[in-house]
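Here is how the chains run, residue by residue.
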Amino acid sequence: MNFDKSIYLGSFVMATIIFLAGTFFGMIFEKERASEVSQSIQELSEDLEVMQLSYLFLQIGNVTCRDFEPVTSTLYKKLDELGVQLEQYQKEGMFERPEFKQLKREYILFSIRTWLTLENIKKSCPGEFVTVLFFYKPEECDDCIVQGPILDYFKFKHGSKLMIFSIDTDFDSPIVETIKRTYNITSTPSLLVNRVVVPGLAERGKLSGILCSEGLCLTENNTKTSE
Amino acid sequence: MENPWIILSLALIYGCLYLGSNWVLMYLKYKNKLKDDPKPTIYPSVSVIIPAYNAEKTIAQCIESVLALKYPKKIQTIVIDDGSADSTGKIAKKYPVDYIWVKHGGKSHAMNVGIKKTKGELVATLDSDSFVTPDTLLKMVGYLEQPDTAAVIPVIKIYNNGRMLEKLQNIEYLYGAFLRKLFTFLNSLFVVPGPFSLFKKGIFKKLGGFDENNLTEDMEMGLRILDAGYQIQSSLNAEVYTVAPDRLKNLINQRIRWYIGNLRNIITYRHVLFKLNDLSMVLITSIFSIIILLLAMVLLTRGSLIFANTYLNLGKGYLSLGPGLDFAMEKFFSFEYSFNILNFYLPGVIFTLIFLVLMALCLSLCFSAVNEKFKLGPEHLLYATVYSVLLGVMWATSLLKELVNKVRGDS
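Taken in order, these protein sequences are the chains called A and B.
Everything in the first sequence is counted per the numbering used here, starting at -1 for the first residue and increasing by one.
Everything in the second sequence is counted per the numbering used here, starting at 276 for the first residue and increasing by one.
Pulled out of the complex, with its shape left as it was, chain A reads as follows (with noise of 0.2 Å):
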């Protein structure tokens, strides 16, 4: 073995060096980005509380429904962003992959809790607003893709009285099983509104005809805007 071993040994070792400093800048990055989502979810479980006493507050009568909406749209608004933001972090995700799946599960957990809050409010101010269940997978699931901006667009339209909250069907947990049973919900994408099963992708017409029977009329009539 006659060559110049200097450079050859010396490039591994510059390679290993910058390599794993980079790992390391990568890994804190991650831990950074897993903290946040928790402290996030940390906040929103005091929202989710504040709402839950609001609504006992309604079960003896000191507050109206009225009431309810500011609570519950900034807590929904807050929600959301969270999980497109921790949907954007798991898949980019290199070295915190574990972190990520676990904080997946707890904003899962998370969005049933505050859906089932809201479901249990709807009983007592009915038609205040509409709940949906978006039960999707991030991967191999093209209609999934298709059906987010359709959702996106009736969020725009109809404002804090439409709350989606999308449930990430890779994370099998008991309750999502129990819903999914309960509904007889078996394809994805499937959207659960109010108490309706919506199977396979919900096109706007079919959807703006299920939220309108919902109570979520769109009062401009928008397709017979013709530019």
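Check the hints yourself; a few may be wrong.
[To be verified] Covered stretches of chain A, as calculated for chain B (at least 3 residues, CB under 8 Å):
no.: 1; segment: 2 to 10
no.: 2; segment: 29 to 37
no.: 3; segment: 170 to 182
[As the list claims (entries may be wrong)] Straight-line alpha carbon distances no greater than 20 Å define the calculated DMTMM-like cross-link-like pairs of lysine to aspartate or glutamate that follow:
no.: 4; chain 1: A; residue 1: K155; chain 2: B; residue 2: D601
no.: 5; chain 1: A; residue 1: K204; chain 2: A; residue 2: E117
no.: 6; chain 1: A; residue 1: K29; chain 2: A; residue 2: D141
no.: 7; chain 1: B; residue 1: K591; chain 2: A; residue 2: D140
no.: 8; chain 1: B; residue 1: K308; chain 2: A; residue 2: D2
no.: 9; chain 1: B; residue 1: K591; chain 2: A; residue 2: E201
no.: 10; chain 1: A; residue 1: K3; chain 2: B; residue 2: D601
no.: 11; chain 1: B; residue 1: K306; chain 2: A; residue 2: D2
If you are wondering where the hints come from, they were derived from the structure by calculation, not from laboratory data.
Since we're looking at a predicted model, the values are computed, not measured.
Built from N, CA and C at the ideal position, the CB exists for glycine as well.
Take the given structure of chain A and dock chain B to it, following the hints.
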């Protein structure tokens, strides 16, 4: 880790870091010796052979550049017309050159015919679409005074440097010349480029002429010279200009020919890899860099497919909404969420920025080493990104094409 793609991505990053470190260490070790050409004390007689095939556009300028060479002895110029169908012969005969006509048999055959007619102690091979500069020989001839040096090569630069494609090739050629010079310090320069190379005539007597059945006979000759124990040197001050393909289609054809030729030569000389000397390591590192390039192509393809799939489906979703101008407005003009630095994958962003900066630094070092001015422009960014992808695609194509040939038994 469950995900094989993550492992491959990390392997790619490590491979790039290794190759980058390799380059940096070689540069640091030899940077003070790059521009020193030994001053010649003797001036052997020189014959220049110019194999030409349908070269009427460039043969005049080519011959004139040879006639303008500064050299204390008279230079014998031989033009070997490889059965041209155009007016190459008519143009060449106007000049004071030896003119030989052969039936079309390929460049190697034409060169071998020409070598037999040379009278000089040194033989220079010059492509008919390449032009020497007056000082070329003076800068190179000093290297041949070493007894174990069989050949010496100049820097090949691109003559037509106007269009973006030509500029990109120029950057590539300059970087290649720089890399070749680094190899000479490891006694491992293994190519004698077609555009211009200067040989001691004795080497052809000892090792034979050019391989007439080879797509890249210049690399084969280089490997043969090194395998026989001789050296090839390089001068970064000697410049020769060559005409490069200005159309993408021509470039692709040229490169596939080159890369298949290179692959075949490596396979023929694979015994060199096992000797574990400096040449082996240089060849192994070169092969490794091709593998890294191909790995990058694979990951880039997969990433692009995923990206395309996601955005096609998103587009489907948006289009299905029909005219919803108010929604479109909101989507594109509302950036209401608070700015969060964590939204960007910082390791990726920083890695890319560092890579681009180092690339620019590397290119500026290359340019100054070959006496070219470096002005940072869009061509350098394109070189680091799009052009490298193009080269990768052409390597992959050549590899596949050769594999298919082998399977069919054509070769």
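Checked hints:
Chain B is given as covering the segment 2 to 10 of chain A, and this holds because 7 residues of the stretch bring a CB closer than 8 Å to a CB of that chain, at least three being needed. Residues of the segment 29 to 37 of chain A with a Cβ under 8 Å from some Cβ of chain B number 3, which satisfies the need for three, so the listed coverage holds. Closer than 8 Å: that is the beta-carbon criterion, and the segment 170 to 182 of chain A has 0 residues meeting it against chain B, so the requirement of 3 is violated. Between K155 of chain A and D601 of chain B, the direct Cα distance comes to roughly 9 Å. Compliance with the 20 Å bound is thereby established for this hinted pair.
At roughly 23 Å between alpha-carbon atoms, K204 of chain A and E117 of chain A are farther apart than 20 Å, so this suggested pair is violated. With a C-alpha separation of about 32 Å, the suggested pair K29 of chain A and D141 of chain A falls outside the 20 Å cut-off, and the hint is violated. A threshold of 20 Å between alpha carbons decides the hint, and for K591 of chain B with D140 of chain A the separation of about 10 Å falls inside it, so the pair holds. Straight-line distance between C-alpha atoms of K308 of chain B and D2 of chain A comes to about 17 Å, which keeps the hinted pair within the 20 Å bound.
Between K591 of chain B and E201 of chain A the CA atoms are separated by roughly 11 Å; this keeps the pair inside 20 Å, and the hint holds. Our distance criterion of 20 Å between C-alpha atoms is broken by K3 of chain A and D601 of chain B, whose separation comes to about 66 Å. For a cut-off of 20 Å, the pair hint linking K306 of chain B to D2 of chain A stands: about 17 Å separates their Cα positions.
Checked against the numbered hints listed earlier, the structure breaks hints 3, 5, 6, 10; every other hint is satisfied.
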